[in-house]
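Asks: All chains, full assembly: derive it from the sequences and hints.
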Amino acid sequence: MSTDRLTQLEDLLPALTTVNDRINCLLDISSELRLYDTEAALKMAENALLESVSAEYKFGIARSKYAIGTCFWQKGLSEDGIKYLKETLAIANEIKNKKLEAKANNILGNIYRDLGDLAVAFRYYNRALNTFQKLNEEETLGVVMKNISVLHFDLYDYDNALEYALKSEIIVEKYDNKFRKFNLYITLGNIYFKKEDTENALKYFYKALHLSEPETSTYVLAQSGIGKVYFMQNQLVHAKEYLQKSLTTANKHTYIESSIVSTFYLGRLYLQENDFAEALQYFLQALETAKFHKRKHDMMSVHEYLAITYEKINNIPEAYK
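In this note's numbering, the protein residues as written are 1 to 321.
One thing to keep in mind: the hints can contain errors.
Said to hold, decoys possible - The calculated lysine-lysine pairs, modelled on BS3-like cross-linking and capped at a C-alpha distance of 25 Å, are:
id, residue 1, residue 2
1, Lys203, Lys245
2, Lys83, Lys99
3, Lys207, Lys181
4, Lys240, Lys174
5, Lys195, Lys252
6, Lys167, Lys195
7, Lys245, Lys291
8, Lys252, Lys296
9, Lys43, Lys252
10, Lys207, Lys167
11, Lys245, Lys194
12, Lys83, Lys96
13, Lys83, Lys58
14, Lys83, Lys98
15, Lys194, Lys167
16, Lys252, Lys240
17, Lys195, Lys134
18, Lys174, Lys134
19, Lys86, Lys312
20, Lys174, Lys98
21, Lys203, Lys167
22, Lys134, Lys58
23, Lys181, Lys98
24, Lys296, Lys195
25, Lys75, Lys86
26, Lys181, Lys194
27, Lys98, Lys167
28, Lys178, Lys99
29, Lys83, Lys296
30, Lys207, Lys195
31, Lys181, Lys167
32, Lys178, Lys245
33, Lys245, Lys207
34, Lys181, Lys134
35, Lys75, Lys296
36, Lys294, Lys83
37, Lys178, Lys203
To be verified - Taking CB as the label site, the calculated pair distances span:
id, residue 1, residue 2, range
38, Glu215, Ala15, 25 to 31 Å
39, Gln233, Leu12, 42 to 48 Å
40, Asp21, Gly116, 38 to 44 Å
Calculated directly from the structure, the hints in this document are not laboratory data.
Source: prediction; values computed, not measured.
Where a beta carbon is used, it is the ideal one built from N, C-alpha and C, also for glycine.
Replies: Here it is as structure tokens:
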């Protein structure tokens, strides 16, 4: 699988004559690969880091560490991600590259949000927001606004979440960045889903799906979003179809978020159908993945429905563990 941008970069790479240009091209390729092959993206970033160290190219070292840290975040390896991103911050500060510093702060915010430490996440997002404002980086400012929207979402403050997301949409639509549009559409889909506006939720999840290529992490996340909306609309056949497709590809490529969403809603679907054994299997799978990757907000959601399932099968000790 290949995106048009990836093909262009791969064609460009052999023609580059300077080490620094080659390193930056490798990192651009890594960024594209991250959409659907995190392992390949990680390997490319690690190669770029080796070349950067050899060439004593500090910007390349910082960019490589940022790329590696971001890959670790996508793989759900939080501690490794934090380590590399904090190293990015130190070098970016040394070479006075404020834009890279802000980008690293933004991803650190994402990791701490996944870990459930929302106060720390907000601190990193706020640093990124302030820096992008000072740099007049409107496009990336829209990304941080989206992330702050997600933070409000995690605090169950769906009105403020929607306000920030809609502000972000104005900026993201203006710059027409495909990947950023996708992420925002997923966020808006999730907010409308929680506000029980399933029509708008489905609209945004389908917009995200149509922007993505099959088997990419973005495509699979959109599938899981569509599946959970169909579940809430009680269209169980459609829900099962989308959730199963999402889960199969998520497990194949280790897309953590899609895997958790799909297993959780498949569990809820089978619970609704009174197939308690199947529901239990999916809830336990979702819990194991969430625990392994220390995603506290997901663990809380799964525990609630595990308790309900255990009650249904009269396993009271497990229900109230």
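Asks: It remains to establish, for every hint, whether it holds in the given structure.
Replies: Now the hints, each set against the structure:
For the hint pairing Lys203 with Lys245, the CA-to-CA distance comes to about 19 Å; that is within 25 Å, so the pair holds. With a CA separation close to 19 Å, the supplied pair Lys83 and Lys99 stays within the 25 Å bound. Between Lys207 and Lys181 the alpha-carbon distance is near 9 Å, which keeps this suggested pair within the 25 Å criterion. A distance of roughly 36 Å separates the Cα atoms of Lys240 and Lys174; the hinted pair therefore is violated under the 25 Å criterion.
For the given pair, Lys195 sits about 32 Å from Lys252 by alpha-carbon distance, which is inconsistent with the 25 Å threshold. Annotation: proposed proximity of Lys167 to Lys195 holds, straight-line Cα distance about 18 Å (limit 25 Å). Between Lys245 and Lys291 the alpha-carbon distance is near 23 Å, which keeps this suggested pair within the 25 Å criterion. Between Lys252 and Lys296 the alpha-carbon distance is near 24 Å, which keeps this suggested pair within the 25 Å criterion.
The hinted pair formed by Lys43 and Lys252 meets the criterion: a straight-line CA distance of about 18 Å does not exceed 25 Å. About 18 Å separates the Cα atoms of Lys207 and Lys167, which keeps this hinted pair within 25 Å; it holds. Distance hint between Lys245 and Lys194 is fulfilled; the C-alpha atoms sit about 23 Å from each other, no more than 25 Å. Our distance criterion of 25 Å between C-alpha atoms is met by Lys83 and Lys96, whose separation comes to about 20 Å.
Restraint check for Lys83 and Lys58: satisfied, since their Cα atoms lie roughly 17 Å apart, inside the 25 Å limit. Between Lys83 and Lys98 the alpha-carbon distance is near 19 Å, which keeps this suggested pair within the 25 Å criterion. Between Lys194 and Lys167, the direct Cα distance comes to roughly 19 Å. Compliance with the 25 Å bound is thereby established for this hinted pair. A C-alpha spacing of about 18 Å is found between Lys252 and Lys240, which places the hinted pair at or below 25 Å, so the restraint holds.
At roughly 34 Å between alpha-carbon atoms, Lys195 and Lys134 are farther apart than 25 Å, so this suggested pair is violated. Restraint check for Lys174 and Lys134: satisfied, since their Cα atoms lie roughly 20 Å apart, inside the 25 Å limit. For the given pair, Lys86 sits about 46 Å from Lys312 by alpha-carbon distance, which is inconsistent with the 25 Å threshold. A hinted pair counts as satisfied when its Cα atoms are at most 25 Å apart, and Lys174 with Lys98 qualifies at roughly 23 Å.
Of the pairs offered as hints, the one joining Lys203 and Lys167 holds, with about 18 Å between alpha carbons and a cut-off of 25 Å not exceeded. Under the criterion of a C-alpha separation no larger than 25 Å, the hint pairing Lys134 with Lys58 is consistent with the structure, at around 23 Å. A distance of roughly 24 Å separates the Cα atoms of Lys181 and Lys98; the hinted pair therefore holds under the 25 Å criterion. Of the supplied pair hints, the one linking Lys296 and Lys195 holds, its CA atoms being roughly 22 Å apart against a limit of 25 Å.
For the given pair, Lys75 sits about 18 Å from Lys86 by alpha-carbon distance, which is consistent with the 25 Å threshold. Simply put, Lys181 and Lys194 have alpha-carbon atoms about 20 Å apart, close enough for the 25 Å limit, and the pair holds. Between Lys98 and Lys167, the direct Cα distance comes to roughly 24 Å. Compliance with the 25 Å bound is thereby established for this hinted pair. Between Lys178 and Lys99 the alpha-carbon distance is near 20 Å, which keeps this suggested pair within the 25 Å criterion.
The straight-line distance between the Cα atoms of Lys83 and Lys296 is roughly 20 Å, inside the 25 Å bound, and the hint therefore holds. Proximity of Lys207 to Lys195 is assessed by CA-CA distance (about 19 Å); at most 25 Å being required, the pair is judged to hold. A threshold of 25 Å between alpha carbons decides the hint, and for Lys181 with Lys167 the separation of about 13 Å falls inside it, so the pair holds. Between the alpha carbons of Lys178 and Lys245 the distance comes to roughly 23 Å, so the proposed pair stays at or under 25 Å and holds.
For the hint linking Lys245 to Lys207, the alpha-carbon distance of about 18 Å falls within 25 Å, and the restraint holds. Taken as a hint, the Lys181 and Lys134 pair is honoured in the structure, with Cα atoms around 23 Å apart against an allowance of 25 Å. This hinted pair checks out: Lys75 and Lys296 have alpha carbons roughly 16 Å apart, not beyond 25 Å. Between Lys294 and Lys83 the alpha-carbon distance is near 16 Å, which keeps this suggested pair within the 25 Å criterion.
At roughly 17 Å between alpha-carbon atoms, Lys178 and Lys203 fall within 25 Å of each other, so this suggested pair holds. The hinted range of 25 to 31 Å is satisfied by Glu215 and Ala15, whose Cβ atoms lie roughly 29 Å apart. Checked against the given bound of 42 to 48 Å, the beta carbons of Gln233 and Leu12, roughly 46 Å apart, stay inside it. For Asp21 and Gly116, the Cβ-Cβ distance of about 41 Å falls inside the hinted range of 38 to 44 Å, so the restraint holds.
When held up to the earlier numbered hints, the structure conflicts with 4, 5, 17 and 19 and fits the remainder.
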